[in-house]
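Colleague: I would like the entire structure built from these sequences, with the hints used as guidance.
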Amino acid sequence: MLNHELLIAILLLSPLLGFFINGIRFRSSNYLIAGAVATVAVGISFVSAVLLFLQLVDLSPENRRLAVSFFEWMAIDKLRVNAGFVVDQISGIMILIITGVGTLIHLFSVGYMHHDKGVTKYFAYLNLFIFNMLILVLGDSLLTMFVGWEGVGLCSYLLIGFWFSDSAKAAAGMKAFITNRIGDAAFILGMFILFFTFGTLNIHELNGLAPTLVESSWLGAVTLGTLMLFIGATGKSAQIPLYVWLPDAMAGPTPVSALIHAATMVTAGVYMIVRLNPIFIVAPNTMMVIAIIGAATAVLAATIGLTQYDIKKVLAYSTVSQLGYMFLAVGVGAFGAGMFHLMTHAFFKALMFLGSGSVIHGMHEEQDIRKMGGLKKYMPITHFTFLLGWLAIIGIPPFAGFFSKDEILWLAFSSPSGHWALWAAGALGAALTAFYMTRLMALTFWGKSRVDKKVHPHESGLTMTIPLMVLGLLSIVGGWIGIPHVIGEYLGHIPNYWEHWLEPVIKKLPTSDAIVSHQTSTEWALMGASVLIASISAITAYWMYVVRPGSSEKIKKAIRPVYEVVNNKYWVDEAYFSWIINPLIQTSKSLWYYIDVNFIDKMTFKVADMAMGGGSFLKVLQNGNMQQYAMYIGVGVVVVLSFVLMR
Amino acid sequence: MILSGLIFLPIVFAIVMAIWPQRNTTRHVALGFSILEFLLSLTLLQNFDPESAQLQMVEKTMWIERFGISYFLGIDGISLMLIMLTTFLVPIIILAAWNSIEDKRKGFFACLFVLQAAMLGSFLAMDAILFYVFWELSLVPMYFMIGIWGGARRVYATIKFFIYTMSGSVLMLLAIIFLMRLTPEVTGGSISASLIDFYKLQIPFVAGDFFTAQTLLFFAFALAFAIKVPLFPLHTWLPDAHVEAPTPGSVILAGVMLKMGTYCFVRWVIPLFPEATEHYAWIFIAVGVIGIIYGALVAMVQPDVKKLVAYSSVSHMGYIIIGLFVMNSYGVNGALYQMLNHGVSTGALFILIGMIYERTHSREISKYGGLAAALPLFTIAFIIVTLSSIAVPMTNGFVGEFLILLGSFQYSPWMAALSVTGVVLGATYMLWMVKRVFFGPAGEIVQHSLSHKEHALQDLSVREAVVLAPIIILIFWMGIFPNHFMDFSKTSVEHLIQNKMNYTLSWKGDGN
Amino acid sequence: MTADAFLFWFLAFVTVVSGLSVILMVNPIYSALSLAMTMIGVAAIFVTLNAYFLAGVQLIVYAGAVMVLFVMVLMLFDLKHEIQAFTRGRLTGAIKIASVGILSGLIVGAVTMGLKTPVVITASSDVAAAPTVDTTRALAENLFIKNVLGFEVLGVMLLVIAVGAVALSRSKGGTHARD
Amino acid sequence: MLETSIFTEITLNHYLVLSAIMFSLGMAGVLLRRNLIVLLMSIELMLNAVNISFVAFSHYMGKIDGQVMVFFVMTIAAAEAAVGLALAVSIFKRFKEVNIRFFEHLKG
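Respectively, the protein sequence lines represent chains A, B, C and D. Just so you know, we're using my numbering here: the first sequence kicks off at 173 and counts up by one. Just so you know, we're using my numbering here: the second sequence kicks off at 1137 and counts up by one. Just so you know, we're using my numbering here: the third sequence kicks off at 3 and counts up by one. Just so you know, we're using my numbering here: the fourth sequence kicks off at 5 and counts up by one.
Bear in mind the hints are in silico, worked out from the structure with no lab data behind them. You may find that some hints are simply not true.
[As the list claims (entries may be wrong)] 30 Å max Cα-Cα, derived DSS-like pairs, lysine-lysine:
| no. | chain 1 | residue 1 | chain 2 | residue 2 |
| --- | --- | --- | --- | --- |
| 1 | D | Lys-100 | A | Lys-791 |
| 2 | B | Lys-1443 | A | Lys-761 |
| 3 | A | Lys-778 | B | Lys-1443 |
| 4 | B | Lys-1503 | A | Lys-761 |
| 5 | A | Lys-250 | B | Lys-1636 |
| 6 | B | Lys-1503 | A | Lys-289 |
| 7 | D | Lys-67 | C | Lys-148 |
| 8 | B | Lys-1443 | A | Lys-774 |
| 9 | B | Lys-1589 | A | Lys-289 |
| 10 | A | Lys-728 | A | Lys-625 |
| 11 | A | Lys-625 | A | Lys-548 |
Modeller: What follows is the structure, given as structure tokens:
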């Protein structure tokens, strides 16, 4: 068996090499070579990820940690940061998801991007993204993680603005990067706080040093530090208040949305919190904030999703909403559940994005679902796989989403830091999710066709449908490794593999054991309730959009003001623009005009004028009259002589 | 003798350039000379002992016996990398200016070499008067560079540049003379202008009383250097000078000359006036923070690319000042590193702007747009340099900025929190500019080039690629393996931090 | 009052009065004539100081050559009298007169106060005791032996000046030639 | 003796005072007159004043060097007069004027 250091090196460098190869020949428009290089590069990574994972499984649960340090990156005083990478239970799963889903999406891209002239550049960026994402998850210190953290933001910037000739798309890329940067700035501050509190940035050491005592003050170092890190996470993972970039990020090619803006990058925030769970758990205030923000985001984004007509925008808001669930989970201390949802979400959301990509591709770049409908018969495979994703996301058992979402909801209710309101928010979100997802299905695939006569929808090629099928399968079975205890017991002692796997690296909330157990009946009841709510909501949507297509318009009219608010996304973008961006630009302009040009320069000119004034005063003496000059000599002589004589 | 060679070889070059008979080969000869100088400076790395915090390769001879002024050169970890930066940038500048300097080429290269000598001299001089001579000498060629080869408002810019910097150095000269008068205390009766003797002085300091020797001297020096840096309220000469300067002038101005200011803070102000530095550090840190934010905000709304980058320099130099004045090893190491980074990346930005200006004769952002489609390679280079400038990890900028912020956090978390906004604003103005220049639909200039065959935009030529390649390699090298560079300065910085209250330097080997 | 003293006072009176009239006469011709008178007075003072040779030279060079030069130039210009013979500025005029006055006052004061005791004439004096011919000899020896270099240099300078003066007055536009 | 000596006994001081007065007269002429020629004359006056003190010193100190110096001064004075007058002539040729009021070209 290969040694793990070499495997990690291969894992990381293979996409980098792919990036370089495609980057050097970026002018080429041969999609086959570019796609092959990139896909094989990620494929190699995937194989090494699997091998690494197998090695990890072989180790005993306490020592499941494969660490490697390639070189010392920074070493100043107490700050010692290595280019070190660690595969453990959490990052092991992440590298599987990243490279696995990544490979599928690369494969899909070969078909999706084949007509694009910049295809080689596209694959180069994609490989670079995989490289950075791997650094993010494998980095053994916060700083190394931050390298990947910013790196993926950069790739996201490049890929969102991939079609840069469109000003709006380039602007979307910029918006994504800058919004992320706000989060990153907070992340840096969080790092500083933790560094000066614990004296290290190494994640393993930090987790080991995390105090056992709960910190109740808002101004405690750990609370502030984790809050800052969480603000960083809201940037990367599109939570309130920094979620605004993600819907715009849909300007990028659809596989990018699937890979970066659904499956991997946006989950980095959740991953980071899970990674640092021993520290976060010390700061209940932070946890509370995380949970509330997560729940709020889940509901808010879901409501916006209700009114969108762009197929990708609906999915984008859905992603924001699902990320909200993950934060809700980690916020109530259910780190395992958060990670679980991260994984299943990666499967079904990637599936749905790729499905939407297939639809867009088949519809010749049409994204408006009002101009779709009845695509079921044109695109059977896409429809079927999309259907699986739909069932997964609305939480119908036994699809993947059910298990993870249900666990989150249950823990939001039952965990010591949970609350019934959080559960209610989660359930409301689930209902909304079911509604808008069914609406999406209905408007896109079902009902009567509203497709333009000139457009002839067609099913996509094999390179695109194979990834769909694989992801579809994962959307079904992906949840079976984390079957809740109650169901497991009922079905005959199926263990919760997921929980066992993560147990050594996840800290439990201090008092969780006492409450969680022996509430089987409540758990069953809540589970049933959430499924019931989702089903009712889905059926309502089906009725509204398929059985009685006109009824949605009536409802829209009936609740006009509310609809307007939601349809305009609560005017958040506008508010940011008119309250933050525009004032900033105006301030800058006036700073430049009033302070730089009109104050500082004027001041210096004043000084210069004073010198000039002095000069022109003396200039009078220099009047060219020789006798005057002679007089100066005379006066000088008199003065010097009298000085000499008087002494 | 290497150090004297480093300083005087460019002067010899300058003389040769001035009398070089052939116009056609001027550029080649100049390039050859500058590369020779760079190779010579590489031998410094070979001979330098990074384990020692003391002066190395010292050369000392009496110059003006009566006033104790000596010809005293030395190098330590703090100056080494800046010297390398200077010698590294000059060949690149010459190659970058291959076609842009059309008239009076000989004079230009002569100026460039004199400037190089003066800058190296002020980094190497360990004698106050010798240093002052080089410091002032560096103004003269720059003055001519802007004044002769500059843009439309060059006279205004030159005079502003010259007067600003000059007025600062007058106070410095006074302060130097005052210090020289104090030296008999430590040398046993004879006056001395040696920096080493200055270090030994214990200048009286009374906290809170402005009119004490140390405070006044501190501000006299600091003002001179702050103008050069330039710090926030004294920065207005910089945008004008940059905008009017020819590309090579801008590069050397941003790349090296601004570093003279920050370097001198480390070399002069901090070790000479430790109490005053500590007592008044907050002023400089506050001004640095204001500079970061102010520079970034003003950069954001500039209509001219070059001016934008000039203001971004103000912002970046704010970081360096903060790093220096927090006086911990994170901050100072980071600041020293950031000096190199800023030299490399802002220098590269000016080179790139020069290249685009040669093609389009415009620097107005609003006229651009859609350049990425026309000049893909150029765009890639520009974006890489931009990333370095906004401190994306794995580029050089990140290492410096991170360490500075870390140091400032140790000094005051609030300052760090404020200066972190510069990270966001920096990304904003740079990316916004990139978006407006390179992305979006084809702008006025690109459309013009598309409709006029004779004005078609050419992507990077081989020469330009050769100019940019070492810079880009350096950007990543410095970002991924900072230790290769920091190891040279760490010991010296550590020495400075450990002994900041009674800093001394000695030197080994020969000499008296 | 001895003859010497009388002579001194008389000559002093003549030179000062004629000097005064040099600067006070509006017509430059009168000034020139007054200057000639001063020169003669000075020559006479030289005689009272036993510098006979110098007195002769003074008469020949100054009262002869230089004064002729002045008068010739004046006649060349044909300037009878000037409209504004003196400078006009009130303040500057006052300053000028004051500075001249103070200067002379200072000098006179310094001289009278500083040199209370008359300088003793040394025995080995080569001027006072020696007869006329000998002073001239002594002068010649000093000039041609001790100060011969200065003498030669002066000679060269005179030549240069002669050429220069000719060149200056010959050129069309003089110092302000434009073509 | 003492009270009459100032009139009867002619000392070095008398000559020096005379010299000073003449020098001041010359200087006043230089400062106050406007005619170029008269200016030159005033300069001659000053030089003569100096000569008097040289000769007086020479006489009272018993050293011949003072007279040598007078010799030199005379030479210089003659040369100066020649050049000055040549200048005056060329100026007059050009401007038809010798009043220095019109020659303020040295204005800064």
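Colleague: All hints, please: hold or fail.
Modeller: Results of checking the hints against the structure:
no., hint, verdict
1, D/Lys-100 with A/Lys-791, "29 Å, holds"
2, B/Lys-1443 with A/Lys-761, "14 Å, holds"
3, A/Lys-778 with B/Lys-1443, "24 Å, holds"
4, B/Lys-1503 with A/Lys-761, "19 Å, holds"
5, A/Lys-250 with B/Lys-1636, "19 Å, holds"
6, B/Lys-1503 with A/Lys-289, "26 Å, holds"
7, D/Lys-67 with C/Lys-148, "13 Å, holds"
8, B/Lys-1443 with A/Lys-774, "19 Å, holds"
9, B/Lys-1589 with A/Lys-289, "23 Å, holds"
10, A/Lys-728 with A/Lys-625, "28 Å, holds"
11, A/Lys-625 with A/Lys-548, "17 Å, holds"
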